[in-house]
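My request is simple: use the sequences and hints to build the entire structure.
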Amino acid sequence: MKQIFQRPKYLKDAVFHYCPGCGHSIIHRLVAEVIEELDIAEKTIGVPPAGCAVLAYDYFDLDMCEAPHGRGAAVATGVKRALPDRIVFSYQGDGDIAAIGTAETIHAANRGENITIIFVNNSCYGMTGGQMAPTTILGQNSSTTPGGRDSLRDGTPIDLSEMLAITKGSVYIERTSVNSPKNIRKTKKAIKKAFKIQMAGLGFSLIEVLSPCPTNWKLSPVDACKWIDETIVKTYPMKVIKDEAGNID
Amino acid sequence: MKKTVFAGFGGQGVLMMGYVFAVAAMRDGYEVTYLPSYGAEVRGGTANCTVAVSDEEIFSPVASSPDYGVIMNNPSLSKFESAINEKGIVILNTSLVDSDITRTDITAVKLPANKIAKEEFGNERSVNMIMLGAFVTKTQVTSLESIMGALEEISKGKKAAMMKLNRKSLDIGAEYVLKGAS
Amino acid sequence: MSEKQLMRGSQVIAEAAIRAGCRFYAGYPITPQNEMTEYMANAMAELSDGTFIQAESEIAAINMVLGASTAGVRSMTSSSSPGLSLKQEGISFLAASELPAVIVNTMRGGPGLGNIAPSQGDYFQATRGGGHGDYRSIVLAPASGQEQADLTRKAFEYADKYRTPVLILVDGMMGQMMEPVIFPDPIDALDLPPKPWILDGAKGRPSRIIKSLILNTREMEDHNWKLARKYENIAREITTAESYLTEDANMVVIAYGTAARIAKGAIKRVREMGLKVGLFRPITLYPFPSKELLEMSRVVKHFLVFEMNTGQMIEDVRLSLEGRSTIHFYGRPGGIISTPDEISKEISSIYYRQHLEEE
Chain A
4 MKQIFQRPKY LKDAVFHYCP GCGHSIIHRL VAEVIEELDI AEKTIGVPPA
54 GCAVLAYDYF DLDMCEAPHG RGAAVATGVK RALPDRIVFS YQGDGDIAAI
104 GTAETIHAAN RGENITIIFV NNSCYGMTGG QMAPTTILGQ NSSTTPGGRD
154 SLRDGTPIDL SEMLAITKGS VYIERTSVNS PKNIRKTKKA IKKAFKIQMA
204 GLGFSLIEVL SPCPTNWKLS PVDACKWIDE TIVKTYPMKV IKDEAGNID
Chain B
840 MKKTVFAGFG GQGVLMMGYV FAVAAMRDGY EVTYLPSYGA EVRGGTANCT
890 VAVSDEEIFS PVASSPDYGV IMNNPSLSKF ESAINEKGIV ILNTSLVDSD
940 ITRTDITAVK LPANKIAKEE FGNERSVNMI MLGAFVTKTQ VTSLESIMGA
990 LEEISKGKKA AMMKLNRKSL DIGAEYVLKG AS
Chain C
726 MSEKQLMRGS QVIAEAAIRA GCRFYAGYPI TPQNEMTEYM ANAMAELSDG
776 TFIQAESEIA AINMVLGAST AGVRSMTSSS SPGLSLKQEG ISFLAASELP
826 AVIVNTMRGG PGLGNIAPSQ GDYFQATRGG GHGDYRSIVL APASGQEQAD
876 LTRKAFEYAD KYRTPVLILV DGMMGQMMEP VIFPDPIDAL DLPPKPWILD
926 GAKGRPSRII KSLILNTREM EDHNWKLARK YENIAREITT AESYLTEDAN
976 MVVIAYGTAA RIAKGAIKRV REMGLKVGLF RPITLYPFPS KELLEMSRVV
1026 KHFLVFEMNT GQMIEDVRLS LEGRSTIHFY GRPGGIISTP DEISKEISSI
1076 YYRQHLEEE
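Chains as they are written, first to last, in the working numbering: chain A, 4 to 252; chain B, 840 to 1021; chain C, 726 to 1084.
Don't take every hint at face value.
Claimed, not checked - In silico DSS-like pairs for lysine-lysine, Cα to Cα no more than 25 Å straight-line:
#  : chain 1 : residue 1 : chain 2 : residue 2
1  : C       : K928      : A       : K12
2  : B       : K997      : C       : K729
3  : B       : K949      : B       : K841
4  : A       : K195      : C       : K729
5  : A       : K171      : A       : K245
6  : C       : K993      : C       : K886
7  : B       : K1018     : B       : K1003
8  : B       : K841      : C       : K993
9  : C       : K729      : B       : K841
10 : C       : K920      : A       : K46
11 : C       : K936      : A       : K46
12 : B       : K926      : C       : K1070
13 : A       : K12       : C       : K936
14 : C       : K951      : A       : K199
15 : B       : K997      : B       : K1018
16 : B       : K1007     : B       : K995
17 : B       : K841      : C       : K1070
18 : A       : K229      : A       : K189
19 : A       : K245      : A       : K12
20 : B       : K995      : C       : K729
21 : A       : K46       : C       : K928
22 : A       : K15       : C       : K936
23 : B       : K957      : B       : K998
24 : C       : K928      : A       : K15
25 : C       : K993      : B       : K926
What the hints contain is simulated information worked out from the structure, not anything from laboratory work.
Next comes the structure, spelled out in structure tokens:
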């Protein structure tokens, strides 16, 4: 019998700790597949965040260096500058990258650091129990926004990717999702392009992935995927936000 | 041990004077420390530095009572006159210091360094070297030759014409002191 | 070795770092240590394998150092007191992840924004770990230009050897003062012993993880004890102090860095008056030279702790002496630099009050 589906080479033989319906497992898989397809595992260093993906090093079979909360872009900068011929990516959640790590992220982009960031946006603080994130959409319930996020009280959702696109150092920024097979394929393509941009030495690339969080959204996995399509995309539309690389194949 | 304070305002080459002097004394074989004023004080316009020269290990680089003062403007005189050690020496740039010293237990050497520089060179760039020449000749902590050596070392690659100008300025300051003494 | 040259303390540390094979520096402007950052910018630009980054914050700078350290490069950052507060997160992570790094603190008056004058107010922060969690950093306190050069070389050696952050603790005066310095010969970064733990891509070997998250409490406890044992080794192997005129002394001043220099001047004066006073100068503040002090307390019954703060190192002195001697304190916080005369008056006042001249 022909085997048509298997664990990617650079994911360890470990059971994901992620909740049912969580997007992280899919995104991990996509990153591992891309690294395998580009044959760059032996020169790749990953920087996982603090947050739900804090244990990413238990899954990726790659050299991995933990960063303090929000500092992924700074740590990745240090690694990349010390080893310019290696491939360096950070993997960060929305609280990590768009709240506590905003400064590090914007300045890494603005310097045009030749790194790749996988930015997983689930519009809440997942690991700490569903508090409001900078990306929580207006009206969305969270454990710290009784009655839903209110712009007067809680501010409005931050457009980090758009902000990063304004910086002159960023090359490629795309927002995708993993809420459907079609979007998963698109996300993989985007991640692959981001790594290729780094391999070509072109500069800063970031893929924002809208990711379902059924646990904290208090929805079934299926409804969570639907909610992205029906609601989240109104605030965070899936699109190429910036592409200065064009077709780099 | 001899401690000297060089004081004036930014742009007069006060810190440079102290630095050249410190390097010269170091090459003479002395222990030296050089401590500049820094930060907001420098931005505020005044500049000073303290150079300690000694045969032995120098403990505090701060001069609470300096033996010598090279004073380049009025505020510096009012700041440091009372601090100078008794029997100390101050070199006053009378082009910019118009008040006289009030103390009788210290010696003052007065020279209008800006005026001299203008007359001699047509500009005031070498005022600090004229003052340094006078200071070194009066105090004999180091020699003009050592100062020249230090200048050569510090301004590596600078033109010979510049060195000539420095030498001339130092000599003018020195002569002024020698003339005054005779 | 280099020719003797007159150099500013901040630049001495920078040059010594380059000569120690430091090839990565990230920093953020803050007075009174900008000359160090500027020197590193220029020095790294001249090296084919050197990296300088002016970071967007102290936090970013220390985390860039963390990243470069995982790649095995000798890495450094520097700042002054308020900046060190911001770096503490990264220092805790470095200690926990057992990563080498050198961090220079040119202390200024505080707390808060304080001022830019020389101070020793960060002793607690430096010697107690400073950040969160159960760890310590090695803390070196040079007191001269030459010692800044020598201890910077040592700082990188210790950081690599023990895989731990090393702090060089100086103050605005040590940083701004110029003194003659002779540098040790430069180390070729390529000649340094290989680090078998670095992250450079898992080529021909299993992948590696550098992390500080240890959710399993037993494993975390083991890790804490491992670090504690490491600190015990460090204490056995590197504790250093200078004793000056202590052999016949019946009173000893304890001071470090700038304060020690001033105290030495004071001791010279009171010696001329016939007072038998010496100086004990810790060179490693962590590990603190407790044994040496305890040994001294067999004969010396009066110690005067002199610090440019309101009393911090005195706690380590108390712990070291275990109540065996009387401890006096004299402190000048806020950026005040005492004169040797002031300290000699303090010394003689205690000396005569305690009738030590009769001993």
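Evaluated hints:
At roughly 14 Å between alpha-carbon atoms, K928 of chain C and K12 of chain A fall within 25 Å of each other, so this suggested pair holds. Restraint check for K997 of chain B and K729 of chain C: satisfied, since their Cα atoms lie roughly 21 Å apart, inside the 25 Å limit. Using a Cα cut-off of 25 Å, the hinted pair K949 of chain B and K841 of chain B holds, with the two alpha carbons roughly 21 Å apart. A threshold of 25 Å between alpha carbons decides the hint, and for K195 of chain A with K729 of chain C the separation of about 55 Å lies outside it, so the pair is violated.
Proximity of K171 of chain A to K245 of chain A is assessed by CA-CA distance (about 11 Å); at most 25 Å being required, the pair is judged to hold. Of the supplied pair hints, the one linking K993 of chain C and K886 of chain C is violated, its CA atoms being roughly 38 Å apart against a limit of 25 Å. Proximity of K1018 of chain B to K1003 of chain B is assessed by CA-CA distance (about 22 Å); at most 25 Å being required, the pair is judged to hold. A distance of roughly 16 Å separates the Cα atoms of K841 of chain B and K993 of chain C; the hinted pair therefore holds under the 25 Å criterion.
With a CA separation close to 21 Å, the supplied pair K729 of chain C and K841 of chain B stays within the 25 Å bound. Proximity of K920 of chain C to K46 of chain A is assessed by CA-CA distance (about 17 Å); at most 25 Å being required, the pair is judged to hold. As the CA atoms of K936 of chain C and K46 of chain A are separated by approximately 19 Å, the hinted pair is consistent with the 25 Å bound. Taken as a hint, the K926 of chain B and K1070 of chain C pair is honoured in the structure, with Cα atoms around 24 Å apart against an allowance of 25 Å.
Under the criterion of a C-alpha separation no larger than 25 Å, the hint pairing K12 of chain A with K936 of chain C is consistent with the structure, at around 23 Å. Proposed proximity of K951 of chain C and K199 of chain A is contradicted: the alpha carbons are some 42 Å apart, above 25 Å. Pair hint K997 of chain B plus K1018 of chain B does not hold up; C-alpha atoms about 31 Å apart against a cutoff of 25 Å. Using a Cα cut-off of 25 Å, the hinted pair K1007 of chain B and K995 of chain B holds, with the two alpha carbons roughly 19 Å apart.
Of the supplied pair hints, the one linking K841 of chain B and K1070 of chain C holds, its CA atoms being roughly 22 Å apart against a limit of 25 Å. For a cut-off of 25 Å, the pair hint linking K229 of chain A to K189 of chain A stands: about 17 Å separates their Cα positions. Under the criterion of a C-alpha separation no larger than 25 Å, the hint pairing K245 of chain A with K12 of chain A is inconsistent with the structure, at around 31 Å. Restraint check: the Cα-Cα separation between K995 of chain B and K729 of chain C comes to about 16 Å, which is no more than 25 Å; the hinted pair holds.
For the hint pairing K46 of chain A with K928 of chain C, the CA-to-CA distance comes to about 7 Å; that is within 25 Å, so the pair holds. Our distance criterion of 25 Å between C-alpha atoms is met by K15 of chain A and K936 of chain C, whose separation comes to about 17 Å. Annotation: proposed proximity of K957 of chain B to K998 of chain B holds, straight-line Cα distance about 21 Å (limit 25 Å). A distance of roughly 16 Å separates the Cα atoms of K928 of chain C and K15 of chain A; the hinted pair therefore holds under the 25 Å criterion.
Distance check on the hinted pair: K993 of chain C and K926 of chain B sit about 23 Å apart at the alpha-carbon level, within 25 Å; holds.
The structure is inconsistent with the numbered hints 4, 6, 14, 15, 19, although it conforms to all the rest.
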